[in-house]
Amino acid sequence: MAYIELKNITKTFYGVKALDNVSMSIERGEVHAVCGENGAGKSTIMKILGGMYFADGGDVYIDGNKCSIHSVSDALKYGVSVVYQELNLMPDLTVAENIYLHSLPRKAKIVVDKAAMNKNAQALLGEMDVRFKATDFIGMLSVSEQQMVEIAKALSHNADIIVMDEPTASLNDKEVETLYKLIEKLKKQNKTIIYISHRLKEIFDLSDRLTILRDGTYVGTYVTKDITQSKMVEYMVGREVSEFYSTADHEPGEVVLEVKNLYKEGIYKDVSFKLHKGELLGVAGLMGCFREDIVKTIYGLVQADSGDIILNGERINPKNPLDAIAHGIGFVTEDRKQAGIFGLMSVRENITINILDKIKKIFWIKASEEQTILADYTKKMNMKYRGYHQKINSLSGGNQQKFLLARALASGCDVLIMLEPTRGIDVGAKAEIYALLEDLAKQGMAIIIISSDLPEIIANCHRTLAVFQGKITGDISREEMEEALILQCATGNKTHFGGEEE
Amino acid sequence: MSQRAKKFWRIWDNVGILCILLVIMAVYGILEPQIVNPTQLVTALKRSAVSGIAAAGMMYAVCAGGFDLSVGSILSLTSCVIAVQLTSGRGTVFSIMMALAVAALCGVINGILITKLKIQAFVATLATQLAFAGVTLVYCNKAIQLTSKYNAGLKFFSTGKFLGIIPLPIVLLVVTYIISYLVYTYTAFGAKVRAVGSNEQAARTTGIKVDRTFILVFVVTAVSAALAGILNTAQVSTGNPTLGDGFELDAITAVVLGGTALAGGKGNVFGTMVGAILVTFVKMGLNIMGVGEAYQKMAVAVVLVFALTISGIRIIMQRGGK
Chain Y
622 MAYIELKNIT KTFYGVKALD NVSMSIERGE VHAVCGENGA GKSTIMKILG
672 GMYFADGGDV YIDGNKCSIH SVSDALKYGV SVVYQELNLM PDLTVAENIY
722 LHSLPRKAKI VVDKAAMNKN AQALLGEMDV RFKATDFIGM LSVSEQQMVE
772 IAKALSHNAD IIVMDEPTAS LNDKEVETLY KLIEKLKKQN KTIIYISHRL
822 KEIFDLSDRL TILRDGTYVG TYVTKDITQS KMVEYMVGRE VSEFYSTADH
872 EPGEVVLEVK NLYKEGIYKD VSFKLHKGEL LGVAGLMGCF REDIVKTIYG
922 LVQADSGDII LNGERINPKN PLDAIAHGIG FVTEDRKQAG IFGLMSVREN
972 ITINILDKIK KIFWIKASEE QTILADYTKK MNMKYRGYHQ KINSLSGGNQ
1022 QKFLLARALA SGCDVLIMLE PTRGIDVGAK AEIYALLEDL AKQGMAIIII
1072 SSDLPEIIAN CHRTLAVFQG KITGDISREE MEEALILQCA TGNKTHFGGE
1122 EE
Chain V
74 MSQRAKKFWR IWDNVGILCI LLVIMAVYGI LEPQIVNPTQ LVTALKRSAV
124 SGIAAAGMMY AVCAGGFDLS VGSILSLTSC VIAVQLTSGR GTVFSIMMAL
174 AVAALCGVIN GILITKLKIQ AFVATLATQL AFAGVTLVYC NKAIQLTSKY
224 NAGLKFFSTG KFLGIIPLPI VLLVVTYIIS YLVYTYTAFG AKVRAVGSNE
274 QAARTTGIKV DRTFILVFVV TAVSAALAGI LNTAQVSTGN PTLGDGFELD
324 AITAVVLGGT ALAGGKGNVF GTMVGAILVT FVKMGLNIMG VGEAYQKMAV
374 AVVLVFALTI SGIRIIMQRG GK
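Top line first, the protein sequences correspond to chains Y and V. Position one of the first sequence corresponds to residue 622 (the working numbering), numbered consecutively onward. Position one of the second sequence corresponds to residue 74 (the working numbering), numbered consecutively onward.
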């Protein structure tokens, strides 16, 4: 039996299988990479090992013993420490306090022994070659420095098994190098490291073996030096490319929107692209690549440090969403519940909320006009509700999404930005949304779609931009569009512009 | 929850507080029949006009997801402004306009502190509560008795009768709530208040002018406090720098009793009015029965806890049903 055995692990979230009967094994002292696309289940399985989630079924064995891991402290007891993707630090405490919060060293069992705590923390940091001190406050550190603190925190447990979930997502090159050295050192101490990353280069640099997951299922475990990058991507994608076809068969027209040299410090740089009339443009990228920030800049939700947004030949650079809407830019958020619907308001009010000033007569909202708008979109989009007074939060996700789309369209846009158009909605509603987007494009709407679901982009878009670390690394036309190429660009392994590869 | 339970809560939303008021009236009727005679009821309505009118504005602040602790101080300030203006020989209309303008300015200050300086509404209005109270005392350090020479016009608000029968304070109360209802339900401003209270992030994403809406809300709250202040000054014929002390709590009690959610987004206009009347009525009834002020306060507390317990039961039922 291998050192760590995960057997038949199953985990379901709200009826969706995140992990389906996954088994994998990891040897002592190796660096084992776990790879897969967004939603493959990498983080979920590691959260189960780390005690953040509790599996619906399956067993974990470490060193031959069956483990019952129900909490993070259980996992630590078995020697498993996890560096999570999300930062879990207290900004108003010092670095040392954050590192040792789990077991503050004490004098006489009561008073915190600050001197010992700071000394231990500084010793840990010393190994990591960082520029901040143990007594600095977390709030004063940059995101990448905070990430290093997270790593130090995981090391402070002196665990034998260290899981790193996207540890480099926010690190710069020098820090990545420091992390490489650290991992080498840990390996020499015979510690086992499980490494999750979207960056294929790191996986090939660091890992001894790798396990590939796809859509919550186990694909296979391979010795890293025996597998090629392209083979690995193929396993990660796994589907026949011919399953998908673009339905956007009309030709886009002239340029409507041009983005020129957008730059925002630490977020994105050199972002330039053009959007045409009637075009469906997909934007692909992995988590943390800042693609949302790029399109939110066009809608005025994020402000760029420099660069221009040009709409129909006029420089607009919207200062806020209101400004963008006035220029005819529509936006549908990826976060329907938090940033989209007004749950306590009626379906009718949810459509007209940002055109109230247009449809009011002195003070009064013209109910007849609201009714007409609602009826109009109900017919076009086949929305289902009991009556115009029904509160929107009692509708299904798909119906809510249609209302958000209707709201954007009702404000009279000719450029539409839609983030994750089908996140959390059922198959039937998905097909309807796709058909709606295609219809809109045919009528001349220029549409930008951000989606974490690559097949969705491939099936619907004329063109795809791939984003990696805030830079556009690929501009892929419909003829060339396939998952493997998009993923190569989105992982920073390739750049591809109009048929030229580098 | 079953369909029947849902229907019950929908009806309860609209008439629940009214039911509680009727139950209390019935209890009073049994204990001390003279409390529930028409004369007493009219008196109760007249007395609830001041807190009722201020609560109408407070409901907008709460519905927008905010809070206004400064309305008591604004009430005192307007009382002093109007008294000082009248005693220095200005006309009634001019004095009222001055008072309203000062209140509107107070509201703008509250709004700017909250939206531009990003201070939480609770803290910002706690600060302005103190600041406005201080300004009031600097402006007018002791109560100004309004003799009939100055009070002739203003007195009309408290003693006048509409069509010769209905006391004007009651008319003002009802008219305020009718306007409030129309604004809340049928205007763009009302919809934006509900939108901001329901989901501020969505409101920003959608392009609603959230800051402007907030500032306007606090102007509405302040102006309604001023109207209450003018009426109260007329009733007591005195400009008093401490007239509104502790008054914000009366207004908030009425809003909460009326069924407005403190989390924002869900207001109840007429519920607020009934809430204000209920509090006044409970206190007045006990007063007539010779129960002291200390016990009156406890009684209001009991009613408040009781009303909110019913909302709590609803939440428990909703969770259980899912």
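Hints are supplied without guarantee of correctness; some may be wrong.
What the hints assert, rightly or not - Heads up, simulated EDC-like pairs for lysine to aspartate or glutamate below, C-alpha to C-alpha not over 20 Å straight-line:
(1) V/Lys282 to Y/Glu879
(2) V/Lys282 to Y/Glu626
(3) Y/Lys958 to V/Asp86
(4) Y/Lys1012 to V/Asp86
(5) Y/Lys940 to V/Glu273
(6) Y/Lys940 to V/Asp284
(7) Y/Lys1012 to V/Glu105
Keep in mind that the hints were calculated from the coordinates and are not lab data.
Verification of the supplied hints:
1. V/Lys282 to Y/Glu879: violated, 27 Å
2. V/Lys282 to Y/Glu626: Violated, because 55 Å separates the two Cα atoms, which is more than 20 Å.
3. Y/Lys958 to V/Asp86: violated, 24 Å
4. Y/Lys1012 to V/Asp86: holds, 15 Å
5. Y/Lys940 to V/Glu273: OK: Y/Lys940 and V/Glu273 at ~18 Å, within 20 Å.
6. Y/Lys940 to V/Asp284: holds, 15 Å
7. Y/Lys1012 to V/Glu105: violated, 45 Å
Hints 1, 2, 3, 7, counting from the list given before, are not met by this structure.
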